[in-house]
Amino acid sequence: MTEPARDIRDFILARYPHVQLDDDQDIFEIGFINSLFATELVMYVESTFSVLIPNEELTLDNFRSVRAAADLVQRLTDPREAVS
Amino acid sequence: MTQLTTPHPSVLGREAARDFVDRELLPVADRFDADRAIPREFREAVAGLGYFGANISPTFGGAGASALAWGAIHEEFGRGCSSMRSLLTVHAMVAWAIERHGSAAQREEWLPRLASGEIQAAFCLSEHEAGSDTAAIATTARRVAGGWRIDGTKAWTTGGAVAGLFLVFAQCDDAIATFLVPAGPATVPVPVDDLLGTRASFVADIVFDDVLVPDEARLGPRGFSSAFLLTSILDVGRFSVASGSVGITQGCLDASVEHSTRRSIGGRPLADYQLTQAKLADMATSVVAGRALCERAASLKDAGDPASVTGTWMAKYFTARAAAQAATDAVQLHGAAGCRDSHRVARYYRDAKVMEIIEGSNEVQQLVIAGNLRGATGR
Chain A
1 MTEPARDIRD
11 FILARYPHVQ
21 LDDDQDIFEI
31 GFINSLFATE
41 LVMYVESTFS
51 VLIPNEELTL
61 DNFRSVRAAA
71 DLVQRLTDPR
81 EAVS
Chain B
1 MTQLTTPHPS
11 VLGREAARDF
21 VDRELLPVAD
31 RFDADRAIPR
41 EFREAVAGLG
51 YFGANISPTF
61 GGAGASALAW
71 GAIHEEFGRG
81 CSSMRSLLTV
91 HAMVAWAIER
101 HGSAAQREEW
111 LPRLASGEIQ
121 AAFCLSEHEA
131 GSDTAAIATT
141 ARRVAGGWRI
151 DGTKAWTTGG
161 AVAGLFLVFA
171 QCDDAIATFL
181 VPAGPATVPV
191 PVDDLLGTRA
201 SFVADIVFDD
211 VLVPDEARLG
221 PRGFSSAFLL
231 TSILDVGRFS
241 VASGSVGITQ
251 GCLDASVEHS
261 TRRSIGGRPL
271 ADYQLTQAKL
281 ADMATSVVAG
291 RALCERAASL
301 KDAGDPASVT
311 GTWMAKYFTA
321 RAAAQAATDA
331 VQLHGAAGCR
341 DSHRVARYYR
351 DAKVMEIIEG
361 SNEVQQLVIA
371 GNLRGATGR
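Just so you know, the protein sequences line up as chains A and B, in that order. Take the first sequence: its letter number 14 is residue 14 in the working numbering, and every next letter is one higher. Take the second sequence: its letter number 43 is residue 43 in the working numbering, and every next letter is one higher.
For the record, the hints were derived by calculation from the structure and aren't laboratory data. Note that the structure is a prediction, hence the values are computed from the model and not measured. Do not rely on the hints blindly, as some may be mistaken.
[Unchecked claim] Pair by pair, the computed Cβ-Cβ distance ranges are:
1. B/A281 to A/G31: 37 to 47 angstroms
2. B/L367 to A/R67: 51 to 61 angstroms
3. A/E46 to B/D194: 51 to 61 angstroms
4. B/D302 to A/R67: 50 to 60 angstroms
5. A/D22 to B/V257: 55 to 65 angstroms
6. B/G13 to A/G31: 29 to 39 angstroms
7. A/P17 to B/A175: 24 to 34 angstroms
Note that the Cβ used here is the ideal one computed from N, Cα and C, for glycine as well.
Using the sequences provided together with the hints, build the complete structure.
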């Protein structure tokens, strides 16, 4: 069983190990992150949590922080969200 | 009219692609290059074999090839003719975008026609004053009643002179958006007829003269999604170029081995000389190393692994440089014969140079690869 926030945080820190990162920090303000890493982050979320992120969820705000990305995973994997 | 001499039941394997390239493409590729065109009949034959739909899901009539299989196909086509491979590349980039980000209606409308090759697709990003810098795109999409009006000129559009569908990046309010634009009277191709390489790939500037498209023509939302879409599409193209560059290197090796064993100097085959052997050894090693990098990237793609992005950059960086070096050496080995524009190795030489520039130049590849290291070191 994976814990999305932890896994997403670990993925970012694996690439940027010198960054001090808390779950609400805006990762696009770190300075090194570019569109390529953003693409890798989207791919990571999709492959790790077995989700396909729909166009309407591919927003900057959904990947702005560890918590935002984890919340996105929660929404996409929560069957109650699918019902609603 | 091109007549295929052998039925090819499968497009999914390297062997079928190699057989097609050897029998049908290599014998005519130099003529295509000289004519600066690939005849419609030949493109239809390629479509009939399913190669235009190789990366499209079977649901929509495609072959659903894995990245590993697709890369092998593009390597073989690259060995045969970079122009034909380039047409397949841009077509696949657009198909991928529609399948991944299109609405159900867009997928149903376009993918079966793209899979069959009934129409060819082209990718419209670059502009003369913007290059591929999306922030500087001047082509606009203005909201009007019932849809959008697209106005501007796209540059260096591979396949643009024969495409039936364009994927267009345009400025829309304060963000970049993408549109599916069918070719028509208001989409005017201006062929670029003095290219250094990939001369038969129908490169054209495309003038979008106030083209009206309906609301449903927009592909995906604006903003971040468009940036993700662009990065992902270019990744598809970059992987094809990397694979095709391995094909160029293999082609250079094949031509050089044949020439150096047949051509004698001082009563001995050219291949007997150690300086010749050094060049052949470098080419052979580059083929194996480049193919390994492409297959690694493909395996990562097939697994959905984000490391495939950097893996593809590395593959393209290595293979494009290797192809350019191999082509330089191949021309050198062929001597004066290789300096004729009509010679196969001269075509490889010109095409290989293009591979060092498109889908991210060598220098951009270096910056991206090093940029990842910079992130890791925090400097």
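Is it true that A/E46 and B/D194 lie within 51 to 61 angstroms of each other by Cβ?
Cβ of A/E46 to Cβ of B/D194: about 43 angstroms, so the range 51 to 61 angstroms is violated.
When you take the CB atoms of A/D22 and B/V257, is the distance between them in 55 to 65 angstroms?
At 60 angstroms between Cβs, range holds.
Cβ distance range 51 to 61 angstroms for B/L367 and A/R67, holds or violated
Since B/L367 and A/R67 have Cβ atoms about 31 angstroms apart, the given range 51 to 61 angstroms is violated.
Looking only at beta-carbon atoms, does the pair A/P17, B/A175 fall within the given range of 24 to 34 angstroms?
For A/P17 and B/A175 the Cβ distance comes to about 33 angstroms; the hint holds.
Starting from the hint 50 to 60 angstroms, judge whether the C-beta atoms of B/D302 and A/R67 obey it.
violated, 31 angstroms
Does the Cβ distance between B/A281 and A/G31 fall inside 37 to 47 angstroms?
Given range 37 to 47 angstroms: holds, Cβ gap about 44 angstroms.
Range hint 29 to 39 angstroms: satisfied by the CB atoms of B/G13 and A/G31?
The hinted range 29 to 39 angstroms is violated for B/G13 and A/G31, with Cβ atoms some 46 angstroms apart.
Hint check: violations occur at hints 2, 3, 4 and 6; the rest are consistent with the structure.
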